[in-house]
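Asks: The chain contents come next:
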Amino acid sequence: MSPELINLIIQATGESLFMVSTAALVATSLGLPLGIFLATSRKGELFAAPSVNAILGVVVNATRSTPFIILVVAIIPFTRLVAGTSIGSGAAIVPLTVAATPFIARLVEAAIREVDGGLIETASSFGATPLQIVFKVLIPEALPGLVLALTLAVVSLLGYSAMVGAVGGGGLGDLGIRYGYQRFMPEMMLAVVVVLIALVQTVQTVGDHLARRLNRRLRHR
Amino acid sequence: MNAHPSIAEPIRPAEPALPEGLIAEPMVRFERLSKTYPAYRDKPAVEALKDVDFAIARGAITGVIGRSGAGKSSLVRLINGLEKPTTGRVIVDGRDISALRGQPLRLAQRSIGMIFQHFNLLSSRTAADNIALPLEVAGWSKADIRTRVAELLELVDIADKHDRYPSELSGGQKQRIGIARALATRPNVLLSDEATSALDPQTTRAILDLLANINRELGVTIILITHEMSVVRQLAKEVVVIDDGRVVERGHVADIFTHPKHATTQTFLAEVLGDAVPVSLASRLVQQPAPLGQAVIRVQVRGSHAGDTLVARLARELSVDVALLAARIDEIGGQPVGSLILGVPGGEAAARQTLAYLSQHQFAAERLGYVS
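In the order they appear, the protein sequences are chains G and R. Residues 1 to 221 (our numbering) are what the first sequence spells out, left to right. Residues 1 to 372 (our numbering) are what the second sequence spells out, left to right.
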């Protein structure tokens, strides 16, 4: 493989990492509170607001059931509003974030709901405020689950990022389509796939390791 | 504190600090309280507590006993303000906790500690950090928390488990942390919601010993919610029997369990004492008198020492060679409670004579059958 092609791969990997990490960061900062709210706002719960919970649930489901490639195109006006343009890696972060936020929210909701309700009751019994319960009980207890959720989200984002080539987003997926498929360069396709596998493997391994270290329930000295 | 009371040493709850006759303000007072959970989806409304009206003495250990679903859990959740009564009030330490909301309620909750059946410890925190949680919530400084946690670990005798996570501890150790956490903010009341139900008998005994010590040394009022008669018997001075959302009996443990009136109380008592008939005897029992056989009579012993010499008195006064076939006597609130199984030879006449003697001397007795 020529040095030019290797440079292309390195550049595309950088673009992918940039898109994915930025989108993951923004989506987490939105999805985490959203997920915690979804997990604690049903009838009788900590932040009980059943109607808000129901509305947010519908919005989250609607976003999640829209195929990503359609979402990318459908929100182009919004992308232009936020990023100033609808083309390029920077612009691609917008649809990636929009798709990942509800995904993360649902994963966070599931992880938070795993926390034993008795702990919430215990903390309430000694006068903890709802926010203290979130920060001192729910998040620390759900942490291993939250780490696994974020790992899954990042892996999914790597997959999604391959599709944003459709709006000139660049990255590994785009490289694979344009060089590997359209110019019929099987070695390029192979290289893209190998890099993607390596990235996914790394993210998953780091995430699993971190979750295991955090999980005191499984740790015995 | 004597952290390792010997297993054999009897537990005695603290005597009230006030002299007899002087009535202190009770620690908890339920005033015409009822609690109804409204119908939800396909579940009908549940009347968990009905017209509950009684007080729990300050500084004492009070047992609240009832079957599951009797309303015990609702009662305990009403005491610490986790739930609001449908009608009536709950006064805790002179304050109407049912009227408090928000921050005043949270402040009041700091003076009410609670321990749970499943311990409810945070798996992500060490023993010390679990105990520190209510102090963090109350806004204590780091230095104060460290001192207080060390004190508490010492109090519950697990100072060496400071850095351990709950997954590394036994049930008894976890409950000790639960107790330390409940006492962290120096509460006046400690609510125990089936705190020993998940523990083995020996560990239960040790935890009950610890609670008795805490009551005695710190003067903390303890309210024991339980479905186990043995827990009440070992620890409580006063008992409240709850059935189907109502208080059916209450008073001194010794009085209630030596003279149980309500059917629920009687079944609880029978659970502890059994019917005292050994299996080998039960299998030989027949309902027809056998020639040369014995009539089998069960005598209830309820809170008097008259049972001690009964066999000898029967033999002497009736000239019957009464055999003691089996006996089960336990001590409840310092009073003997149980039953004797007597074998009376000499046919129907001797049996009738014995039963007449027993009823004349205020013993409840019944003929179970005959053995050859």
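No lab work stands behind these hints: they were computed from the structure. Careful, some of the hints might be misleading.
[Stated by the list, open to error] In silico contact screen, one side only, chain R against chain G (beta carbon under 10 Å); selected entries:
1) Leu105
2) Leu107
3) Ala108
4) Gln109
5) Gly113
6) Met114
7) Asn120
8) Leu121
9) Leu133
10) Arg181
11) Thr185
12) Leu358
13) His361
14) Phe363
15) Ala365
16) Gly369
[To be verified] Some chain G residues flagged as far from chain R (calculated, every beta-carbon gap over 12 Å):
17) Pro77
18) Gly84
19) Leu119
Glycine is no exception: its CB is placed at the ideal position from the N, C-alpha and C atoms.
Asks: Could you tell me which of the numbered hints above are not met by this structure, giving the numbers in increasing order?
Replies: Per hint list: 12, 13, 14, 15, 16 and 19 violated.
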